[in-house]
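> Protein sequences, first through last, are from chains Y and R.
Taking UniProt numbering, the leading residue of the first sequence gets 1, the next gets one more, and so forth.
Taking UniProt numbering, the leading residue of the second sequence gets 1, the next gets one more, and so forth.
FYI, nobody ran anything at the bench for these hints, they're computed from the structure.
One or more of the hints may lead you astray.
Since copy identity is lost for identical chains, a pair holds within one copy or between any two.
[As the list claims (entries may be wrong)] List of simulated lysine-lysine pairs, DSSO-like, C-alpha gap at most 27 Å:
hint : residue 1 : residue 2
1    : Lys531    : Lys343
2    : Lys175    : Lys243
3    : Lys638    : Lys92
4    : Lys642    : Lys563
5    : Lys595    : Lys658
6    : Lys595    : Lys531
7    : Lys391    : Lys258
8    : Lys642    : Lys92
9    : Lys642    : Lys24
10   : Lys258    : Lys356
11   : Lys531    : Lys344
12   : Lys563    : Lys356
13   : Lys24     : Lys638
14   : Lys274    : Lys243
15   : Lys638    : Lys356
16   : Lys258    : Lys638
2 protein chains.
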Amino acid sequence: MISRDKHNRMANAIRFLAMDAVEKANSGHPGLPMGAADIATVLFTRFMTFDPKAPLWPDRDRFVLSAGHGSMLIYSLLYLLGYEDMSIEDIKNFRQLGSKTAGHPEYGHASGIETTTGPLGQGLANAVGMAIAERKLETEFGSELMSHYTYVLAGDGCLMEGISQEAISLAGHLKLNKLILFWDDNGISIDGAISLADSTDQHARFRACHWNTIAVDGHDPDAIAAAIEQAQKSDKPTMIACKTVIGFGAPNKAGTHKVHGSPLGADEIAATRKALNWEEEAFVVPADVLDAWRLAGLRSTKAHREWQDRLAAAAPEKKGEFTRRFAGELPGNFDSAIADYKKKLAETKPTVATRKASEDALEIINGVLPETIGGSADLTGSNNTKTSQTKSITPDDFSGRYIHYGIREHGMAAAMNGIALHGGLIPYSGGFLIFSDYCRPSIRLAALMGIRVIHVLTHDSIGLGEDGPTHQPVEHMAALRAIPNLMMFRPADATETAECWQVALEHKHRPSGMALTRQNLVPARTEYNEKNLCAYGAYDLAPADGAKVTIFASGSEVEIAMKARAALEDKGVATRVVSVPCFELFFEQPEDYRKAIIGNSPVKIAVEAAIRQGWDSFIGSDGVFIGMNSFGASGPYKELYKHFGITPEAVVAAAESKLS
Amino acid sequence: MISRDKHNRMANAIRFLAMDAVEKANSGHPGLPMGAADIATVLFTRFMTFDPKAPLWPDRDRFVLSAGHGSMLIYSLLYLLGYEDMSIEDIKNFRQLGSKTAGHPEYGHASGIETTTGPLGQGLANAVGMAIAERKLETEFGSELMSHYTYVLAGDGCLMEGISQEAISLAGHLKLNKLILFWDDNGISIDGAISLADSTDQHARFRACHWNTIAVDGHDPDAIAAAIEQAQKSDKPTMIACKTVIGFGAPNKAGTHKVHGSPLGADEIAATRKALNWEEEAFVVPADVLDAWRLAGLRSTKAHREWQDRLAAAAPEKKGEFTRRFAGELPGNFDSAIADYKKKLAETKPTVATRKASEDALEIINGVLPETIGGSADLTGSNNTKTSQTKSITPDDFSGRYIHYGIREHGMAAAMNGIALHGGLIPYSGGFLIFSDYCRPSIRLAALMGIRVIHVLTHDSIGLGEDGPTHQPVEHMAALRAIPNLMMFRPADATETAECWQVALEHKHRPSGMALTRQNLVPARTEYNEKNLCAYGAYDLAPADGAKVTIFASGSEVEIAMKARAALEDKGVATRVVSVPCFELFFEQPEDYRKAIIGNSPVKIAVEAAIRQGWDSFIGSDGVFIGMNSFGASGPYKELYKHFGITPEAVVAAAESKLS
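The following block holds chain Y by itself, in its conformation from the complex:
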């Protein structure tokens, strides 16, 4: 048992590391680490199960700092607990270029950072996904291999963001009772007192969403510990409201917004040292305090060893499967299943919407990949994301593989990030492409973190028809292609859809989006090819010797390109069609390949039922673009294509005009 005095000194170690690092960087947020130091100290010295020597132990408890600006809280903890890749030098390099200790916690920079946080509310929703993953894997592999808590520390900002409501209501609905949220209730935000902008009764709000709530003094270690004990026994997720003082310990600035996002200054730091009886110089932790922290870092060594023994004792198949899943490797029969399916498509040559083609591909994929976990933001029948293998998960039965996320696109995408980060599962979603706007911040974070989440985004253009411009993506392909590291796919038929799924799943460290049609498409590919042509991003779909015209197109517009080609060839104009399912992958190909695909025909035309932005990379700024340059309209889709001039005739006319 840690004495109150020792506890205080351990918590103060966090406080001083945080304020000293912020001061040295002359940049950062000391207020949260100082205010939440007691909570973190109790949690990590008495409750958290983890092993600094094996930071990726699958059954570790997860800790998410949703209030990511308080990054020095995590960095301090990791150093103090003895994580080998977090030294005092790293702490001193806080916020410097190339350091592990970035302004906000960056997943992958150092062990023990479970997710990238900073954009508020995201971490909370990630934690919901982690708790979903835990429950799902516990159901699948048994509590001997999977049974841990997920803790998350959130501030007022996290709770004011709308995404928090989506996350909280989903967690409450799913009864994620091993999810425990600490609300750093310090009453302060950047503009000043929270009361300037909010008067929500957070306890009542969480209870309305079927959470258990507890209120404690966030500087009373025993009260915090009692609350965690109570939370661990709850049959609901628990919110522990911790009344804290932001910048606790700073005699003049504590409790004010001045301590939120700026260095304290040398005078105030000196005054804090005095007030907290801390005699050490900057970045020096007294030996007894460091020893106590390092001892805390060893708390779960035995638990980890016992877990290893249980894994070793498990049936070989179960052990192998568990290990494969957490390594993120696909099973050996995946490629052959896709190959067989592509062979079948080459025979059946189906005319289908790519959303339906995606369902058919998923039927194969879900059959060989037990780790996929699907879902939709209440558009299951429209997104075609549910297959014969994916029974719905319910609050009391996680044996299914499908989540009814509700009308919560943002919460869904962030929870998927959490599921992927947890490991052992590959999440895919369902939504309309237009509503990628609702979850864009989470898609961006998936790209920044480099994690495998796959978004099925149907109804991908004016081709959705009557629902009109509020539901017709026009700028979304461009906007999503703009996100670094995200693979945005827009397949042209069933074969391309299968290939895009294959590429998406094979990339362990990249998220993907699948833009899919509502309307039927004739097959672009009619012969089996063992190569995954979509993996090249763009490829010669219909070559032509000495082509005078090259038409580049994606998705539903490939059919238009092929019709235009037929008409041009009839007129004796040699015409090539290049299918472009994925910009990102194409631009990563070797220069030779790129040059060959772009080619040198005198006329270059791109066709996509979306804006031009980005297509100049294929056709040059003097190329012809056939697409949208405004919002869409409500009407039957075939009329819309004519109205907006996206037709084979328009392509032919443009080609002839350029050639003449």
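Starting from the known structure of chain Y, fit chain R onto it as the hints suggest.
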């Protein structure tokens, strides 16, 4: 007083128009209009104050159909109430290309459509903005000119979206007691029963946010009426939970998700006609029912006349100001105030961050435009959006002109849309550019609707430094430029900032975004020019005869371009610099102007601390782009610029390499 039987027949008129129109279009959502017909009938025949002959009467009650898929509810109401631009032919043309009756209600298509809805949750947050505008204008002009209710009908989808929490908590905090929300509590969403995905106690949730809540049978007109009366007396906003049956009246499909988004089919429609004793053919409303509806349309004629009398009797200045404000015209002294300010800048030549320059411009603007209403999503001191004129609005005092929106970017942007739609005010926000992702759906709707909202988006690149990649926009300029009709500005100095503000304010029918720096910039413009050069979108900042190199740049990179130019000129290379504060406006210029600006120098270079996407329109696909091709990093900003190679030296090297 309308008898129960007459009420039922009036409500059934809505139901049959809705189901017949959806059937004819073979597309649409009959379930909501059928379920909510009783609510709408009570509201519009007993409570709503409006005048179909003067649909823009500023003091009308506002009605927002947040569940926009139920668009036939609005169209039916407008036709039945006698709005002159909604005929039965329009109803028959539901969802056809070019019709007023689009799939979802489109603002501007027909009178009485107060906002474009469909993306869920937006209308609810628009309504919060409308209620804010009403309270603000009541405070300013008195209740004799401004005193109305704002009603909103929301479904489960609206309430599950995170934006609803931001809107609800803001409305509760601000005590918007004239905001009355009907929750169409039908227990059904697209995937099936709401209980599949949610179990939130909505009453408790709204009460936690300081709303009044009432539960009624949504098919009992007197109960609905009693609830509205109670709500009108409340000192808080009120949520009326109306238990309804989706697709009410359809004998076999009512109460199921089958009636949500598909035509009922001929058989079910026939069965519904029988069940509801409705003998008329499709699109025929019995004369007595139509008469009763038309009479309801005249309910507020007297109230409107009395209001007109009060306006006529008002002091001339007040009357003139009120009229000007609702016409959306700027005051006569606006241009001269900006001109004077630009003259001053030409003298003082300040080196400032553009966020600070924006504050200085706003200090001038807010002095001459009493209609601006500012705010920030809890970043006031960082966004520099508060000026000496903008006292904070508080729940009990709306005499201020500044809203502490809290950490609610999405709710803020949607509320701003509502404020602009209401009329009489010009809203501007404050946020970080990175968090435009959080409110993108609302920015898109502002662009689609063509309304004047202005987003101040600071910390616009890696120039923000240490906060790192989670806070550094890289793809956001491209992603926002991709939205049709949105003017995205990125001014290079204080003069450009003032000009961009002027352009943004002068466009009544377009939203704007202002990407502004955290870091200081030396002035690009040092001479007074009476022309607003930024209005051209791009202009010759530093011409050069026979330029061998043209450098295009925006914002903070104009300084880099100018330094590179100086170095190249020193080496005898004639170099032009084009400043590009706004892509959208540039591409709307006449072809001659565009050609002249793009010019024909052999080397074209663009510099922007963001991705290349979009810049090929200036430099061609063989041009040189100096910018970002990945996410940013945490570190001091000057080091980041060097690290990512965005420097004058890099520009010079690229130019020389191209020229050699």
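> Compare the structure with each hint and give your call.
Going through the hints against the structure:
1. With identical chains, the CA atoms of Lys531 and Lys343 are at most 27 Å apart within one copy only, with a shortest distance of 12 Å there and 65 Å across copies.
2. Taking identical chains as interchangeable, the C-alpha atoms of Lys175 and Lys243 lie at most 27 Å apart whether they share a chain (25 Å) or sit on different chains (26 Å).
3. For the homomeric pair Lys638 and Lys92, the shortest alpha-carbon distance between copies (20 Å) is at most 27 Å, but the shortest distance inside one copy (62 Å) is not.
4. For the homomeric pair Lys642 and Lys563, the shortest alpha-carbon distance inside one copy (15 Å) is at most 27 Å, but the shortest distance between copies (49 Å) is not.
5. Within a single copy, Lys595 and Lys658 get their C-alpha atoms as close as 22 Å, and across copies as close as 19 Å, so both meet the 27 Å cut-off.
6. Proximity of Lys595 and Lys531 under a CA criterion of 27 Å is satisfied intra-copy only: 20 Å inside one chain copy versus 45 Å between copies.
7. In this assembly of identical chains, Lys391 and Lys258 lie within 27 Å of each other by CA distance solely across copies; the values are 21 Å between and 51 Å within a copy.
8. Only between protomers do Lys642 and Lys92 lie at most 27 Å apart by alpha-carbon distance; the minimum there is 22 Å, versus 62 Å within a single protomer.
9. Within a single copy, Lys642 and Lys24 get their C-alpha atoms only as close as 63 Å, which misses the 27 Å cut-off; across copies the closest is 22 Å, which meets it.
10. With identical chains, the CA atoms of Lys258 and Lys356 are at most 27 Å apart between copies only, with a shortest distance of 20 Å across copies and 55 Å within one.
11. For a Cα distance limit of 27 Å, the shortest separation of Lys531 from Lys344 inside one copy, 15 Å, qualifies, whereas the shortest one across copies, 66 Å, does not.
12. Taking identical chains as interchangeable, the C-alpha atoms of Lys563 and Lys356 lie at most 27 Å apart only when both belong to the same chain, with a minimum of 23 Å there against 55 Å between chains.
13. Only between protomers do Lys24 and Lys638 lie at most 27 Å apart by alpha-carbon distance; the minimum there is 17 Å, versus 63 Å within a single protomer.
14. In this assembly of identical chains, the alpha carbons of Lys274 and Lys243 lie at most 27 Å apart only when taken from the same copy (24 Å versus 62 Å across copies).
15. In the homo-oligomer, the alpha carbons of Lys638 and Lys356 lie at most 27 Å apart inside one protomer (19 Å), although the nearest pairing across protomers, at 50 Å, exceeds that limit.
16. Taking the shortest alpha-carbon separations for Lys258 and Lys638, only the inter-copy value of 26 Å comes in at or below 27 Å, while the best intra-copy value is 59 Å.
In the structure shown, no violation is registered for any of the earlier numbered hints.
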